[in-house]
Each structure stands twice: as C-alpha cells, then as structure tokens.
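Q: Respectively, the protein sequence lines represent chains D and C.
For what it's worth, full-length UniProt numbering labels the leading residue of the first sequence as 1, then goes sequentially.
For what it's worth, full-length UniProt numbering labels the leading residue of the second sequence as 1, then goes sequentially.
A few of these clues could be false.
Straight-line C-alpha distance at most 27 Å; calculated DSSO-like pairs for lysine-lysine [said to hold, decoys possible]:
#1 C:Lys3 - D:Lys97
#2 C:Lys490 - C:Lys471
#3 C:Lys187 - C:Lys488
#4 C:Lys376 - C:Lys338
#5 C:Lys97 - D:Lys14
#6 C:Lys176 - C:Lys161
#7 D:Lys70 - D:Lys150
#8 C:Lys116 - C:Lys490
#9 C:Lys14 - D:Lys14
#10 D:Lys97 - C:Lys488
#11 C:Lys464 - C:Lys161
#12 C:Lys384 - C:Lys433
#13 D:Lys398 - D:Lys384
#14 D:Lys139 - D:Lys150
#15 C:Lys315 - C:Lys97
#16 C:Lys14 - D:Lys86
#17 D:Lys14 - C:Lys206
#18 D:Lys206 - C:Lys206
#19 C:Lys464 - C:Lys488
#20 D:Lys3 - C:Lys490
#21 C:Lys97 - C:Lys3
#22 D:Lys176 - D:Lys490
#23 C:Lys184 - C:Lys488
#24 D:Lys97 - D:Lys3
Partner residues are not named here, just some residues of chain D that face chain C (Cβ under 10 Å, in silico) [said to hold, decoys possible]:
#25 Leu22
#26 Thr31
#27 Glu36
#28 Thr41
#29 Leu48
#30 Cys94
#31 Thr236
#32 His239
#33 Asp275
Derived by calculation from the structure, the hints in this document are not laboratory data.
Even glycine gets a Cβ: it sits at the ideal position worked out from N, Cα and C.
There are 2 protein chains.
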Amino acid sequence: MNKTYENLSSILEKTMALQTALVLFEWDNETLAPEESGSYTARVIGTLSEEYYGFMTGNEMGDAIAACEKESDLSEIQQAVLNGAKEAREELICIPKAEYRENAQLIAEAARVWFKAKKNEDYDSFLPTLEKVINYKRKVASYRKKDGQKLYDVLLAEYEKGFDTELLDEFFGRLKEEIIPLLKEIKENGKEIDDSFLTGGYPVEKQEEMARFLAEYIGFDFHRGVLSESAHPFTTNLHNHDVRITTSYHDKMDSSMFSVIHEGGHGLYELGISDEITQTPVGQGTSMGMHESQSRFYENIIGRNPNFWIPLYDKLKELYPDKLDSVSIDQYMEAINKVDPGFIRTEADELTYSLHILIRYELEKMIMEEDVDLKKLPEIWADKYEEYLGIRPEQVSKGILQDIHWSQGLFGYFPSYALGNAFGAQLYFHMKKEMDFDQLLRDGKMDVIKEYLRSHIHQYGKMKTSREILKAATGEDFTPEYFIDYLKEKYRKIYGLS
Amino acid sequence: MNKTYENLSSILEKTMALQTALVLFEWDNETLAPEESGSYTARVIGTLSEEYYGFMTGNEMGDAIAACEKESDLSEIQQAVLNGAKEAREELICIPKAEYRENAQLIAEAARVWFKAKKNEDYDSFLPTLEKVINYKRKVASYRKKDGQKLYDVLLAEYEKGFDTELLDEFFGRLKEEIIPLLKEIKENGKEIDDSFLTGGYPVEKQEEMARFLAEYIGFDFHRGVLSESAHPFTTNLHNHDVRITTSYHDKMDSSMFSVIHEGGHGLYELGISDEITQTPVGQGTSMGMHESQSRFYENIIGRNPNFWIPLYDKLKELYPDKLDSVSIDQYMEAINKVDPGFIRTEADELTYSLHILIRYELEKMIMEEDVDLKKLPEIWADKYEEYLGIRPEQVSKGILQDIHWSQGLFGYFPSYALGNAFGAQLYFHMKKEMDFDQLLRDGKMDVIKEYLRSHIHQYGKMKTSREILKAATGEDFTPEYFIDYLKEKYRKIYGLS
Numbered sequence: 001m002n003k004t005y006e007n008l009s010s011i012l013e014k015t016m017a018l019q020t021a022l023v024l025f026e027w028d029n030e031t032l033a034p035e036e037s038g039s040y041t042a043r044v045i046g047t048l049s050e051e052y053y054g055f056m057t058g059n060e061m062g063d064a065i066a067a068c069e070k071e072s073d074l075s076e077i078q079q080a081v082l083n084g085a086k087e088a089r090e091e092l093i094c095i096p097k098a099e100y101r102e103n104a105q106l107i108a109e110a111a112r113v114w115f116k117a118k119k120n121e122d123y124d125s126f127l128p129t130l131e132k133v134i135n136y137k138r139k140v141a142s143y144r145k146k147d148g149q150k151l152y153d154v155l156l157a158e159y160e161k162g163f164d165t166e167l168l169d170e171f172f173g174r175l176k177e178e179i180i181p182l183l184k185e186i187k188e189n190g191k192e193i194d195d196s197f198l199t200g201g202y203p204v205e206k207q208e209e210m211a212r213f214l215a216e217y218i219g220f221d222f223h224r225g226v227l228s229e230s231a232h233p234f235t236t237n238l239h240n241h242d243v244r245i246t247t248s249y250h251d252k253m254d255s256s257m258f259s260v261i262h263e264g265g266h267g268l269y270e271l272g273i274s275d276e277i278t279q280t281p282v283g284q285g286t287s288m289g290m291h292e293s294q295s296r297f298y299e300n301i302i303g304r305n306p307n308f309w310i311p312l313y314d315k316l317k318e319l320y321p322d323k324l325d326s327v328s329i330d331q332y333m334e335a336i337n338k339v340d341p342g343f344i345r346t347e348a349d350e351l352t353y354s355l356h357i358l359i360r361y362e363l364e365k366m367i368m369e370e371d372v373d374l375k376k377l378p379e380i381w382a383d384k385y386e387e388y389l390g391i392r393p394e395q396v397s398k399g400i401l402q403d404i405h406w407s408q409g410l411f412g413y414f415p416s417y418a419l420g421n422a423f424g425a426q427l428y429f430h431m432k433k434e435m436d437f438d439q440l441l442r443d444g445k446m447d448v449i450k451e452y453l454r455s456h457i458h459q460y461g462k463m464k465t466s467r468e469i470l471k472a473a474t475g476e477d478f479t480p481e482y483f484i485d486y487l488k489e490k491y492r493k494i495y496g497l498s
Numbered sequence: 001m002n003k004t005y006e007n008l009s010s011i012l013e014k015t016m017a018l019q020t021a022l023v024l025f026e027w028d029n030e031t032l033a034p035e036e037s038g039s040y041t042a043r044v045i046g047t048l049s050e051e052y053y054g055f056m057t058g059n060e061m062g063d064a065i066a067a068c069e070k071e072s073d074l075s076e077i078q079q080a081v082l083n084g085a086k087e088a089r090e091e092l093i094c095i096p097k098a099e100y101r102e103n104a105q106l107i108a109e110a111a112r113v114w115f116k117a118k119k120n121e122d123y124d125s126f127l128p129t130l131e132k133v134i135n136y137k138r139k140v141a142s143y144r145k146k147d148g149q150k151l152y153d154v155l156l157a158e159y160e161k162g163f164d165t166e167l168l169d170e171f172f173g174r175l176k177e178e179i180i181p182l183l184k185e186i187k188e189n190g191k192e193i194d195d196s197f198l199t200g201g202y203p204v205e206k207q208e209e210m211a212r213f214l215a216e217y218i219g220f221d222f223h224r225g226v227l228s229e230s231a232h233p234f235t236t237n238l239h240n241h242d243v244r245i246t247t248s249y250h251d252k253m254d255s256s257m258f259s260v261i262h263e264g265g266h267g268l269y270e271l272g273i274s275d276e277i278t279q280t281p282v283g284q285g286t287s288m289g290m291h292e293s294q295s296r297f298y299e300n301i302i303g304r305n306p307n308f309w310i311p312l313y314d315k316l317k318e319l320y321p322d323k324l325d326s327v328s329i330d331q332y333m334e335a336i337n338k339v340d341p342g343f344i345r346t347e348a349d350e351l352t353y354s355l356h357i358l359i360r361y362e363l364e365k366m367i368m369e370e371d372v373d374l375k376k377l378p379e380i381w382a383d384k385y386e387e388y389l390g391i392r393p394e395q396v397s398k399g400i401l402q403d404i405h406w407s408q409g410l411f412g413y414f415p416s417y418a419l420g421n422a423f424g425a426q427l428y429f430h431m432k433k434e435m436d437f438d439q440l441l442r443d444g445k446m447d448v449i450k451e452y453l454r455s456h457i458h459q460y461g462k463m464k465t466s467r468e469i470l471k472a473a474t475g476e477d478f479t480p481e482y483f484i485d486y487l488k489e490k491y492r493k494i495y496g497l498s
C-alpha cells in the first residue's frame with residue numbers, strides 16, 4: 001500500500017476507534033445503562049469527544065491529509081477516504097476548541113431542560129436554552145459558510161449534500177399543493193376505517209416474537225446484528241458487522257411491528273456497506289435522507305403493501321387469534337393504512353407524515369433566515385398545524401416540544417425525513433420496471449429486493465451522494481413527482497375516491 | 001486545587017476514559033455483540049489499547065507525575081492517585097511498544113486457539129500458543145523484577161500486593177494438610193446427601209425472577225447497576241455509578257442463584273467505592289483476592305448459611321412448588337452444601353474449591369520457576385487431581401484446558417481465589433464479635449452487613465492494600481487459620497463427624 005496513504009489511514013483508525021466507542025456509549029445509554037450512571041459516564045464521553053476533536057483537528061492529521069493530496073496514484077476508495085477525512089476535519093477545525101467544548105456541555109444540558117419543559121408543558125423554561133443552541137448553530141454555520149451562502153443552506157448540507165433551500169422550497173411546495181387538497185378530500189368524502197382492533201390485548205412476548213421474525217424476514221442478519229428495546233426506536237452501528245436496531249412495545253400492536261421494519265431498513269443499509277470501506281470516514285450511509293429512504297421504503301412501500309402480508313397474515317393471526325380471527329386481511333390492510341391527522345410526527349400515517357416535516361422546515365427557515373421572534377414559535381406552530389392538518393395542538397408537549405431535535409442543535413435535519421419518502425418512491429418506480437415487485441413480495445423473496453438496494457445504494461456508503469445514487473439507479477435527477485403520484489394513487493384507491 | 005495535581009488529573013482523565021471504553025467493549029462482547037462482529041471490533045479495541053499505552057507511557061504523563069512528586073502539599077487522596085498512576089505507568093513503560101502490541105494480538109488469538117483445543121480435546125494444538133504466552137509473561141516479569149526477586153513473585157504481586165511464594169507456600173501448605181484429610185474423612189465416613197431435586201424443571205423466567213430478587217435482597221442497587229446474562233458469570237464496572245453483574249441459567253437451579261450472589265458480592269464492592277476516587281487509578285477494588293473475598297463471602301459465608309434462608313425459603317418454595325413442596329429447609333441446606341469432588345473448578349463446592357486452586361498454584365510455580373516440560377502438564381495435572389481430590393480427569397477439557405486464564409497470560413491470578421476465601425473467613429470471625437451475624441441474617445438486615453463491608457473495605461478502593469485492610473479491620477495480619485477452622489467446624493457438623 002502507498003506509504004503516504006497508509007499513514008493517513010493509521011491516524012484515521014484512531015479517530016474511527018474513538019467514534020466507535022462513542023457510538024457504543026450512546027447505544028448503551030439508550031438501551032441498558034443504569035439511570036444514575038449519567039453524569040459519571042458523561043465525563044468519559046466528554047473526554048473521548050475532546051480526544052476525537054483533538055485528533056481530527058490536530059497537525060498530525062493535517063499533515064497526513066496534505067501529503068495524501070499530493071499523491072497521484074490513489075485508488076478510488078483511497079481518494080474517497082481522503083475526501084471524507086478532509087471534510088470531517090473542515091467541519092470541525094473552523095470551530096474553536098473552547099466553543100466546541102462549551103457547546104457539547106450545552107447540548108447535554110439542553111436535553112434535560114427540554115425533557116423537563118415538555119413534561120411541565122412549559123415552553124418558556126426551554127426558551128433561553130433554545131436561544132443559546134440557535135446562536136451556536138448560527139455561529140458554526142457562519143464559520144463554515146461560503147460567500148453568498150445562506151446560513152440554513154450550510155446546515156442543510158450537513159445532512160443532505162446537494163440540497164438547499166431553493167430545491168427544498170420547490171419540493172415542499174409540490175407536497176403542499178398536492179397533499180393538502182388530497183387530505184381534505186379524504187376527510188370530506190372518504191370512508192371511516194376501523195383500526196380499533198390494533199389496540200389492546202397484545203402481549204409483549206408475542207410482539208417481541210413478531211418483531212424478531214419480521215427483522216429476519218426482511219433480511220436483517222442476526223449474526224451481524226442485534227435487536228433490543230428502547231424508549232424510542234433507533235438504529236446504530238459499530239461497523240458493517242455490528243448493526244443494532246431497537247423497537248419499543250406499546251398497547252398499539254402495529255407500532256412495534258412497523259418500528260422494527262423501519263429500523264430494519266436502516267439496519268440493512270449499514271449491513272450492506274462494503275467491507276472495503278467500513279471503519280473509514282466513508283463507511284456509513286451517505287446521508288440522512290438516503291437512510292430514511294431505506295427505512296421508510298421498508299416500512300411503507302413494502303410493509304404497508306398488501307402483497308407483503310399475503311404470505312404473513314396467517315402467521316399474525318396465529319399469534320393473536322383472540323384479536324384477529326374475525327379480521328380479514330383487507331380490513332387489516334385498511335387499518336394499517338388509515339389516514340388520521342394527529343399532532344405527533346412519529347405516530348403519523350404515511351400521507352400526513354410529510355406535512356409534519358413541511359411545518360418544521362418552514363419554521364427552521366424562519367428561525368435561521370428571518371430572525372423570527374422565538375417567543376412566538378408555539379403560536380406559529382399551532383397555526384400551521386391548523387392550516388395544513390386541520391387540527392390545533394393546545395399543549396406544547398404535543399406541539400413544538402414534541403421532538404428532541406432542536407434541543408440537540410439538529411437544525412436542517414428534519415427535511416431528510418421527507419426527502420427519504422421521495423427518494424424511496426423514485427427508486428420504487430424504477431425497481432418496478434426491472435422486477436415484478438408485488439410478485440416478489442407475495443413469494444416472500446425479500447432477498448431479491450435487498451440485493452437490489454445493496455448493489456445500487458448500500459454498498460457505496462458515502463462514496464456517492466444521494467443525488468448521484470438516484471441518478472445512477474433511476475437514470476434521472478431527484479424529483480418529488482413519483483412520491484406524489486404514489487401517494488395519490490394509493491390513497492385515492494384506499495379511500496374510494498375517483 | 002493544586003495546579004500541578006490538576007494537570008496530572010486531566011491527563012489521567014484521558015487514560016481513564018479509554019479504559020472505561022475498553023471495559024464497555026468487553027461487557028458488550030460478553031453479553032450482546034453479534035457473533036460475527038469479532039475481528040472488526042477487535043481492531044477498534046486494539047487501537048484504543050494502544051492509545052491507552054501511549055498516554056500512560058508518554059512524556060506528558062511522565063512529566064506530570066514527576067512534577068507532582070515534587071509537591072509537598074498533596075492530600076491523602078491526591079497522593080494515592082499519584083502513586084496509582086506511577087505504578088500503572090511503571091508496569092507498562094518497561095514493555096517495549098512493539099512487544100506490547102504483539103502480545104495483545106497473541107492474547108486475542110490465544111483465546112480462540114484455547115477454545116478450539118478444548119472443544120477438540122487437543123492439548124497439543126494449544127501447546128505452541130501456551131509456550132509463547134508463557135515466554136512473554138516471563139519476559140515481562142524479568143523487565144519488572146527487582147534484584148533477587150523470583151519471576152513468579154513479580155506476577156503474583158500484580159494481583160495481590162504483599163503476597164509472594166514464601167507466604168503462599170505456607171498458606172497452601174496449611175490448606176493441604178487440613179482440607180485433604182477432612183475430605184477423606186467425609187468420603188469414608190460421611191453420609192450421602194441427596195441434591196437431585198436441585199436439577200431439572202426450573203423454568204428460566206423463574207430463575208431470572210429469583211436472581212433479580214436475590215441481587216436486590218443483598219443490597220445491589222439497580223439504580224446504579226445492571227444484571228444481564230452471559231455464558232460465564234462476571235462483574236464489571238464503568239465507575240461506581242455503573243456496576244454490572246451477569247449470571248447464567250442452567251438445569252441446576254442453584255447455579256444461577258449462587259452465581260448472582262457471588263457476582264453481587266463483587267458488585268457491592270465496586271458500588272461501595274467512594275465518590276472521591278471513582279474514575280481515578282485507585283477507584284477500583286484493591287486486589288483480586290480482596291474482590292474474591294467479597295464475592296465468596298456473599299456466596300458461601302452468607303448464601304450457604306441456614307440463617308440466610310430462614311426468611312427466604314418460603315419464597316423459593318412458592319416460586320417452585322412442584323419441585324420443593326416436599327423438601328424441608330434442612331434438606332435444602334444440606335443439598336446446597338454438599339461436598340462432591342469434581343473436575344471443574346467453577347462448579348466446585350466450598351470445601352474442595354481451594355484444592356482446585358492449590359493444584360493450579362503448584363503448576364504455575366513449576367511453569368515459572370522450574371522450567372517444567374510443558375508437554376507433561378496434562379499428566380501432572382491429572383496426577384494431582386487424583387492425589388488431592390481422589391478423581392482423575394481423562395479429558396483435557398475437564399482437566400488442564402478447563403480455564404481460559406493461562407491462554408490470557410493470567411499467571412499468578414488463581415491464588416487470589418483461595419486467598420479470597422481466607423480473607424473472608426478472617427473478616428467473618430471479627431464481624432461476629434461486633435454483631436449478631438446470624439440474627440441479622442434471620443432478620444434480613446443485609447444493609448448492616450453491607451455497611452460494615454463498605455466502611456471497612458469497599459470505600460477505600462486501592463488506597464489500602466488487602467493486608468492493610470485486614471489489619472485495620474481484624475487487628476491482625478493475614479492468617480489462613482480462620483478459614484481452616486470455619487471449614488472444619490461447618491463441614492464436620494454437616495457430615496456428622498465427631
């Protein structure tokens with residue numbers, strides 16, 4: 001191997017090891033760590049984060065990158081690793097160490113402040129913290145921004161390279177003009193769907209059995225993966241041979257099932273990363289949006305498709321005979337696809353989900369670009385819910401304080417969720433031209449679908465951007481139209497609209 | 001705070017953070033990590049270990065220690081931390097980096113070689129690896145040894161400061177001359193005890209319930225601790241607010257119960273370390289022997305004492321009515337104290353346990369001091385089992401290959417297990433003078449016992465050696481006589497010997 005690259009690689013190995021340790025601490029904290037371990041373990045995490053910052057921004061790394069940039073014989077992967085390292089360094093090095101550390105403390109504290117404020121329905125107690133977080137994010141964005149670039153565009157690019165407010169305005173504009181009238185039509189003329197049988201009387205042990213079964217069924221490899229329980233479902237990975245998903249078990253039985261299919265989609269992405277790039281700066285899913293495209297593809301496009309359930313519904317009935325013996329597969333399919341505008345994003349149905357994201361996008365733009373009065377955010381939030389979804393939250397816990405994201409400085413992250421839906425639909429349209437998708441689902445041939453996604457998306461990690469992947473897989477640039485068509489066709493049919 | 005000390009403290013924080021991360025990886029690997037994650041995660045662990053080595057042996061640490069040594073106004077804790085840091089550094093710095101790394105790889109590989117050799121009953125395939133491990137340990141011991149010191153004494157001191165072959169020869173000599181005849185007498189004249197009812201028909205869920213109950217009952221704090229399952233029970237801790245124990249569930253019901261009480265004893269030790277020293281180099285149990293004294297104290301002196309079971313036996317019967325309804329508490333007590341010489345150390349009864357250790361001690365001395373022919377070890381092992389326990393293992397998996405320790409280079413570690421028994425008995429004798437021990441057990445006042453151990457032992461961490469702790473708590477230096485008296489009294493009574 002090239003000596004210069006080898007040197008970079010061995011320094012990167014240290015940063016990756018620290019990052020992997022941090023991932024493990026986070027996993028452990030969410031799934032197992034005893035409740036009083038918090039502040040003690042936080043010291044460890046703080047120290048390891050600072051070490052990571054030190055290595056990434058240090059001269060040793062700087063020299064190694066500079067030396068590699070002079071090399072002309074790097075392989076494609078080596079070049080990608082070099083670029084990945086450079087980007088990760090540039091994102092950090094512009095932030096002074098003291099500010100970096102101060103922010104880490106602020107963020108850790110902010111989670112607790114947010115949690116308490118939400119519990120007490122007290123937005124005002126969260127306001128000073130929110131303001132600090134926003135100021136920090138603006139400052140960081142201003143450090144990073146190129147001439148003429150908008151602050152919010154800097155933040156958006158962190159999660160989705162190649163996307164900015166111009167493109168997203170157009171995207172969300174199309175969603176707005178199509179989904180809102182469709183939703184109105186459904187509410188005014190649509191039929192009532194009964195989904196009451198999904199709630200109550202579903203023992204947790206059986207939900208656990210089904211969760212594990214479904215993960216395995218869609219192709220999640222338990223030799224390289226783990227399924228655990230946590231308050232909020234999530235996916236994480238140490239590398240491509242250790243990918244971990246969680247779900248949570250509630251009264252409403254479909255919740256754990258669709259969580260595990262959703263997280264399983266994230267998990268398949270990380271399991272599909274090529275061996276050659278795992279444990280390097282490009283060895284992860286390429287973007288938040290592409291990740292969500294995979295999870296929501298499995299959750300909605302596959303998991304809420306009747307053909308998926310044809311070979312599985314009998315098993316589900318066997319598991320819960322008391323609950324499902326008198327429920328036909330058609331009734332079941334309608335129930336799990338019921339459109340029901342609600343306050344909570346994470347519980348939203350497939351159709352209204354993107355409207356929740358639209359609202360957050362519009363607010364984030366106001367926060368970052370229009371200097372909105374933060375005191376007025378709960379009101380603006382409620383107004384938008386009333387306008388777009390026809391419901392008005394009276395409690396901040398079901399309104400602006402429902403998500404942890406802003407307390408963690410994750411501005412620019414929400415749009416990925418909606419983009420994921422659109423990426424997935426665009427890929428789906430193209431896949432259907434290459435394979436009899438519904439027949440594969442009916443035959444339970446989940447491996448064919450997984451293999452397609454692995455070879456077109458997963459294996460590359462961050463070596464291609466989401467737009468490059470879409471272009472290569474579908475032959476065209478990103479467009480929201482497939483998603484809109486998919487929603488219209490599916491939901492007009494379910495609700496018997498002409 | 002003193003500036004010089006503060007500097008040392010902040011460098012130590014980095015090494016402690018790396019060590020804590022390594023502990024978490026080990027925990028995760030034993031309890032949860034997917035089976036194919038091994039070699040990928042091993043890279044991460046290797047990198048973090050090297051970082052730890054680098055920090056501990058680096059100039060920054062050396063300078064900070066040297067500066068602190070010139071300070072005259074260090075507090076007692078600061079002085080102990082300084083000494084702890086110095087010792088940890090001295091243990092590492094004498095080993096050249098290349099050798100350190102090579103050994104880490106050897107050890108990682110050795111576990112796999114050992115595991116396979118054990119499975120295949122093939123000692124010869126393990127021999128070359130064992131030889132390499134032994135050579136490395138001898139080399140390290142020779143780097144560390146002081147003039148005239150024996151190599152094996154260097155290794156012993158790693159686990160138990162203040163103990164050497166001279167003291168241990170005497171200790172094991174006493175055990176040998178007292179336990180072997182007693183065992184013979186029991187076998188020749190003793191009664192048959194029926195313990196068959198302990199095996200079979202104990203559902204794992206109920207064993208889990210009992211395990212958690214017992215841990216809580218002896219005072220293990222689940223706000224700062226975790227109980228999980230693993231192939232071999234063990235205890236680990238990130239700090240004094242995150243202590244983790246495991247057990248394993250088998251056909252033989254008492255196995256999981258006594259494992260959890262044993263590991264609970266280890267756990268209470270780490271939970272009892274004072275807040276002021278946790279997350280420093282002295283913030284752990286002082287030695288392997290003192291640790292085993294706590295675990296075996298809970299397992300045997302408490303857990304196999306009839307007074308402990310008086311308030312609990314009804315609960316046990318309620319949990320397993322089919323199995324225990326016709327078993328009296330006296331029958332139960334005899335069964336869990338049955339003397340039954342067997343091949344496997346970890347399954348040994350309280351009386352014969354120390355003989356398993358004696359055999360390992362004698363072999364380790366031969367290996368380190370007498371240049372024994374390694375090919376002959378299985379034969380020597382079998383001869384000693386025949387001589388001391390009256391049984392001869394025909395399979396290496398039940399003989400010399402049963403323990404992982406030697407593959408991991410843990411020479412000098414085994415004696416701690418026997419010392420722990422003796423430390424515990426010495427402490428027990430003294431405690432009985434200060435409190436009505438049996439009455440406390442009958443009343444379920446486990447907190448009084450825990451508090452005594454915390455205030456006399458746990459809180460100090462490594463600030464006192466095991467001999468200093470014994471001296472302060474019992475008023476005399478270490479002696480094996482209390483342990484011998486305890487065994488003789490207890491087992492002569494159980495077996496009706498005059």
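Q: Do the alpha carbons of Lys139 of chain D and Lys150 of chain D lie within 27 Å of each other, as the hint requires?
A: Status holds; Cα separation ~12 Å.
Q: How about Thr236 of chain D: closest beta carbon in chain C under 10 Å, or not?
A: 12 Å, violated
Q: Can Asp275 of chain D be said to touch chain C, with a Cβ gap under 10 Å?
A: Result: holds, 9 Å to nearest chain C Cβ.
Q: Hey, Lys176 of chain C versus Lys161 of chain C, does the alpha-carbon distance stay inside 27 Å?
A: OK: Lys176 of chain C and Lys161 of chain C at ~23 Å, within 27 Å.
Q: Close enough to count: is the Cβ of Leu22 of chain D nearer than 10 Å to one in chain C?
A: Holds. Min distance 9 Å.
Q: Holds or violated: Lys70 of chain D and Lys150 of chain D, Cα atoms, limit 27 Å.
A: 32 Å, violated
Q: Check whether the Cα positions of Lys3 of chain D and Lys490 of chain C lie no farther apart than 27 Å.
A: 68 Å, violated
Q: Under the criterion that the straight-line Cα-Cα distance not exceed 27 Å, is the pair Lys97 of chain C, Lys3 of chain C satisfied?
A: 31 Å, violated
Q: Go through the hint on His239 of chain D and say holds or violated, using the shortest Cβ distance to chain C against 10 Å.
A: With a minimum Cβ separation of about 5 Å from chain C (threshold 10 Å), the hint on His239 of chain D holds.
Q: Does Lys315 of chain C pair with Lys97 of chain C here, judged by a C-alpha cut-off of 27 Å?
A: 56 Å, violated
Q: Could you grab the alpha-carbon distance between Lys206 of chain D and Lys206 of chain C and see if it respects the 27 Å cut-off?
A: Answer holds: Lys206 of chain D to Lys206 of chain C is near 19 Å, not above 27 Å.
Q: Given the hinted pair Lys490 of chain C and Lys471 of chain C, is their alpha-carbon gap at most 27 Å?
A: The given pair, whose Cα atoms are some 25 Å apart, holds under the 27 Å limit.
Hint compliance for this structure: hints 4, 7, 8, 10, 12, 15, 17, 19, 20, 21, 24, 30, 31 are not met, and every other hint is.
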